[in-house]
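A.B. asks: In case you want the letters, here they are:
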Amino acid sequence: MTRVVLVPGVLALLPEYAGLEDPVAELRAACLDAVAWLGSGPVEILADPQGERVARALLSASGGFETGLRPSSTTYLVVGNGTACRTEKAPGHLDERAAAYDDALRAALTSSRHANWPDIELGKGLLASLDGIARLPEVVPEGTPAQVDYDDDPYGVQYWVLRWQA
Amino acid sequence: MTLRLGRHTFTDDATLMMAIVNRTPDSFYDQGATWAEDRALERVALVVAQGAEIVDIGGIKAAPGVEISAAEEMSRVVDFVARVRAAYPSLVISVDTWRASVAAAVCAVGADVINDAWGGADPELVDAAAEGGAAVICTHTGGVTPRTRPYRIEYDDVVAAAIADTVAYAERAVAAGVPRESVVIDPAHDFGKNTFHSLEITRRLDEMVDTGYPVLVSLSNKDFVGETLDLPVGERLVGTLAATAVCALAGARIYRVHEVVETRQVVDMVSSIAGRRPPRRAIRGLQ
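Chains B and Y, in that order, are what the protein sequence lines are. Under this note's numbering, the first residue of the first sequence is numbered 1, with each subsequent residue one higher. Under this note's numbering, the first residue of the second sequence is numbered 1, with each subsequent residue one higher.
Chain Y extracted, bound-state conformation (with noise of 0.2 Å):
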């Protein structure tokens, strides 16, 4: 199925970089670096010229915090947007909410993804981005209430209800209009899981591909790399990259990201190994 995100479309074997954009002065990564907006705006420079598809741009840590209201969050993200968009036509610009009254004035100013993190949380969101023409990134989250950590959760099957909870939200997004080719499922590593979880879930992430839905990650320098190789933030690269090959080779099609050229040297190569993306230039022994 062709994937179309807001007012760009991609082919069934392509995959792409979503490359994080905070509009956060507290972000677990960057702590901030990208808080102001001219810093922001050359992080997005940076990821194009790097390659990125995707720029998911968020106003609020995932991480629990100061409460940021709707406006605060509408201020940090919707002039931002639409700065972005004029900018850069042909990028795709998601933003990362689970607020509807953001995802509507982001859509309104032209995102293309709305990236809800949260599971819906607000059940308009859904509302906000069909009438916006949006897609949806449906995550998986075991109900949590936004801005939480995880705490002595536990599941059955965590790749079971993780399937269960994407599909039935992504129902719920198509129910309300957002085209079925606009709507993406996540598993949400570190989201409502511990370690162990975001461990099987990325062993056995070739279950949630083959729902049909397109499956994004977000591994990217997370805790369950840090706690499973006993690293700091900052030194996860290389765990992140090993997580990144084995989603890749499962069949993820978007990858939301820090580090846009490792990454998609990792995934160009996997692909190639699954035999899903020829090489880039073969003549080796073939001359």
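Looking at chain B on its own, in the form it has when it is part of the complex (with noise of 0.2 Å):
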């Protein structure tokens, strides 16, 4: 059996940036929940640098361990977000495409209709991490749905938590 989850790559995540308050703390919540669901074995993680730490962060705050990748992997910890552009105040400013582009990836990602993915090269102008969500087709198959578990753009980068099992 094979089990996917995908996360953001939000540095806010990280312990090194903790601050008093918890700026992110229904994300964090629902991040360790699907990790969790990964079980305590090891986990290959698909993502770019900034996200391998994440990733790590994560592993390391629910119990699991990262592995390279090798031919028996079947638990995977993918990085990847949404574009960064969604309102005045995200970081790369508002851009009237961002919203039907994330549309159009959620659509992608919940369904995993590999052919229905909106254009990457588009996305990373739109400041969407999509390094680790590029390789997804390697390891989901094709039409198996996703659990939402977090969907939202707190500071005008769209968020998800999605698990898939096949």
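Do not rely on the hints blindly, as some may be mistaken.
Partial list, computed: chain B residues near chain Y (C-beta under 7 Å) [unchecked claim]:
| # | residue |
| --- | --- |
| 1 | 11 |
| 2 | 12 |
| 3 | 18 |
| 4 | 91 |
Hints listed in this document are in silico derivations from the structure and should not be mistaken for laboratory results. The C-beta atom is built at its ideal place from N, Cα and C for all residues, glycine as well.
Using the hints, build the complex out of the two chains.
C.D. replies: Okay, here's the thing in structure tokens:
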């Protein structure tokens, strides 16, 4: 059985950036629940370098551990998120194309219809974090529905916490 | 070392606001504004709402003036301490007194700390604190008589003198039975010191922190700020906060203040710059 979780690469999830109050408490709780669902065994991380740090921190907090790519891998933690241009105060300011892009990406992710993915280059222009997400077709079979644990954009960046089981 | 103030304990990284509450008709800053007991209680309610962890209740102004007997001092503070204790169980109550008899009386009605602003003038005060289960603030005054102003006092090294005297007093308190985690030292700006001395104490406060005893600073609107900036009482807040920032960077733990909100902001900001306190809530650039 394969289990895959997607979390966003939010640096505020890292312990070195902890404040006295957690600005992403709800997101953190959803991430930790989903990562715990992966189990306490080895987990392969699919992410860019910053996303890898987030993944390791979440694994560390939930008792799992990272392993290198190997043929027998069945458990994956993917790090990525939608655009960062959804509001005037978003990191990339407001871009009118961001909402539609995230809607298309959400539809493709939750249905695992890999042919329906929006354009990767456009997404990178809208500051979406897609390195890990782009590898999802390697590990999630076409058509596998996702469980949506979290879907919000509290700081103008689109976050999802999703689970797939196949 | 955990800091224990009477019935309350605090972690090593906690900084504490000690708000001044005068039960005097003539203190320099408020000129008797809280002389009436109900006005003093209103002041306590205000500073608690502002986040003060400690109130420091005093029945005699520090400057020279009409002699106040122990009986009169007790009449000003003992019942008041009992009222504050009943109304605010989680508040640390400090009493500013040099008299052992007053210390014993306020400990009996719930005081947590004896703030001996005159540096051990009454040798039995530490015994009263030990018996009463209270913490002690050991101050440096250069050996002057209570309620006198400094006159031509000089030191070979004012910081060395402050450390030697406060640590000696602290050891005396421990020997008398006050727990070591309940002993605080205070260089006592302006007490037995001219402005140059108080500036040097501020500049070298890290040396006092290095003793290992938690350090209290009492800077609020004092004459060394006024003389440094040539400003009267009432216009010394900015200078006070500048001195506060320097002491916070050095690692002072308790701040005896008139203005709680402003001091808390300065101490928190400096503590975060020093890496001792995380920001309250950080998300900028980290989304």
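A.B. asks: Please go over all the hints and tell whether each is borne out by the structure.
C.D. replies: Evaluated hints:
| no. | hint | verdict |
| --- | --- | --- |
| 1 | 11 | holds, 4 Å |
| 2 | 12 | holds, 4 Å |
| 3 | 18 | holds, 6 Å |
| 4 | 91 | holds, 6 Å |
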